[in-house]
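Engineer: Sequence order for the protein chains is A and B.
Numbering-wise (the numbering used here), the first sequence opens with residue 1 and increments by one.
Numbering-wise (the numbering used here), the second sequence opens with residue 1001 and increments by one.
Treat each hint with caution, since some may be false.
[Stated by the list, open to error] Here are the simulated lysine to any residue pairs, SDA-like style, with alpha carbons at most 20 angstroms apart: (1) A:Lys72 - A:Asn238; (2) B:Lys1012 - A:Asn238; (3) A:Lys19 - B:Arg1203; (4) B:Lys1033 - A:Gly194; (5) A:Lys72 - A:Ala88; (6) A:Lys19 - B:Lys1033; (7) A:Lys19 - B:Thr1212; (8) A:Lys72 - A:Glu58.
In case anyone wonders, no lab produced these hints; they're calculated from the structure.
A quick note: this is a predicted structure, and the numbers were derived from the prediction, not measured.
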Amino acid sequence: MAVTDLQKQSSFLRNTREKLIQIALLLAATVSILTTIGIVFSLLSETIAFFSEVSIIEFLTETEWTPLFSIKKYGIWPLLSATLLTSAIALLVAVPLGLVAAIFLSEFASDNVRRTIKPLLEILAGIPTVVYGYFALTTVTPFLKNFIPTLSIFNSLSAGIVMGVMLIPYVASLSEDSLSAVPNSLREAAYGLGSTRFEVATRVVAPAAISGIVASIVLAFSRAVGETMIVAIAAGQNPRFTFDPTVPVMTMTSYIVQVSLGDTPYGSLSYYTLYAVGFTLFLFTFILNIFSYWMVRKFREVYD
Amino acid sequence: MSTQERLRDDAKEAAELITSIADTVDRGSGNLKWRHFKGTILSVLGWASIIFGLGVLAILIIDVINRATGIFTGGQNWLTWDFFNNFDSRFAQRAGAKAAIVGTLYTISLTILFAFPLGVAAAIYLEEYANDNWFTRLVEINISNLAAVPSIIYGLLGLQVFARWLMLGRSIITGALTLALLVVPIIIVASRESIRAVPLSLRQASYALGATRWQTTWYVVLPQAIGGILTGSILAVSRAIGETAPLITIGALTFVPFLPRNLFDIFTVLPIQIFNWTSRPQDDFRALAAAGIVVLLAILLTINALAIYLRIRYQKRY
């Protein structure tokens, strides 16, 4: 064989190998799309099976959720109200604390303080949620009982508060990022006109970073809605339509945990309820995620 | 739009900005001492929120260690050799976390095996191969959305797809596949950042020597990016170690008094064992749960220390 033939052959092999590798890498990237399709398809197929047995009107209007009792009622409201209640309490804790911490770290603290404190705060987001659930049930609830004697052992108040502490770094870190991204020329302009540091931070920098701040809050809300172990351990297993934070309630996620722990045969109606509730949860967080994505895009101030 | 118009627009925008800043400054004028004092108040509140958050963390850790070992207020030490060497039991004094610790080890090893190559390969594709077209954008939006899907939804996915359709049942392999899907987006995001930080000049040098795209990626880009890829992947793994909800959903059991015999066996993991002990009303089981938490946090601490070490070790400046 001539040398050129050999070269041709080796360059053919080389090109084939390159192509094969590229296809393999492309397939790996496609897995993420398949995951989403898998999620939507598996949730949807079982949810459709659920709604072939239970009317969607009952699901949306009934105020009782008793699929495991003899008189079965399938109203999503008790689960939805509990989810919103625990999330609201969590946001009441996480948003003010996280925002104040973010403004402080970005506008007032020295570089050294910021570099030390930010990773420390992020530890809070790395603690497994089952640990927070344990802490809420065994430490926070007994502590709160000193002030609220009527507090039940399981309640949305302590679950919500502990969830809020967990969410502080989500709000603080993301908001701090968008505050830091505001260019210094804006601060300097405001200082030049005689503003104090507080005025620069609250009236110039914070409004300029508002899209990132709102996005961080929406993402924290989405986390709170999907949070499972804290509420499953500390908020109770009693589906009731109430906004009283001192009594046991059951969130959408707690319901999924409760049914999963039992022995649920495939094809039974209670198996389908898992997916109907899961689909509602997915829709909820999906809308929040899209909203925060859109917020950032739409209201982002672009500086050269 | 002509350059002139654009310049006019820019000037108008700048004028508006200056007016608005001047307005806010006007409104703020008054007692200068009070205006500065508001900054001090904000600093104090900032410190207060940080101390509150870190204080809760400190109380949590001290409280759990105390419940597990009785080191501060006295009481039984549950963190003994028996805890690591015994299986779960109906009697707290005889119960241990052996099955859970081994289960976590198996599940997480498999998760890494599935997720690491997949995540890094996807990241390489997106950074080194993909053109900027609709498919790439779809994959990107999709990954950022997947990272925000609640973990319990992945559990429902795993239950339906792996446990039922692929008939893998409530096995270790189902658990590992589910956790792998959960952490792949995190690995992709971290790996992409690290690959992107490798300067273009290195790739160009490699191409100039006649290397193919894959040779450049494998011999030039990846060795430079590996530090960041490993750090991000380790943090993703630490997320998987602490996950409870998706594994409960796919049907990992809460009471397993034996070691898994193979990858298709039923199993439990440390967080589920902790959850199980927590949900029993007796104080002894609560103490066992605390011991489990101490072990879990110690594992996570070690792993995160490793990640920080790798980050420093491979830190590069160009």
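Engineer: Hint by hint, say whether it matches the structure.
Structural biologist: Do the hints match the structure? See the list:
Restraint check: the Cα-Cα separation between Lys72 (chain A) and Asn238 (chain A) comes to about 15 angstroms, which is no more than 20 angstroms; the hinted pair holds. The suggested pairing of Lys1012 (chain B) with Asn238 (chain A) is violated, with an alpha-carbon distance near 59 angstroms, which exceeds 20 angstroms. The suggested pairing of Lys19 (chain A) with Arg1203 (chain B) holds, with an alpha-carbon distance near 19 angstroms, which does not exceed 20 angstroms. Taken as a hint, the Lys1033 (chain B) and Gly194 (chain A) pair is honoured in the structure, with Cα atoms around 13 angstroms apart against an allowance of 20 angstroms.
Restraint check for Lys72 (chain A) and Ala88 (chain A): not satisfied, since their Cα atoms lie roughly 29 angstroms apart, outside the 20 angstroms limit. Distance hint between Lys19 (chain A) and Lys1033 (chain B) is unfulfilled; the C-alpha atoms sit about 70 angstroms from each other, more than 20 angstroms. Restraint check for Lys19 (chain A) and Thr1212 (chain B): satisfied, since their Cα atoms lie roughly 11 angstroms apart, inside the 20 angstroms limit. Annotation: proposed proximity of Lys72 (chain A) to Glu58 (chain A) holds, straight-line Cα distance about 11 angstroms (limit 20 angstroms).
The structure fails hints 2, 5 and 6 (numbered hints given earlier, in ascending order).
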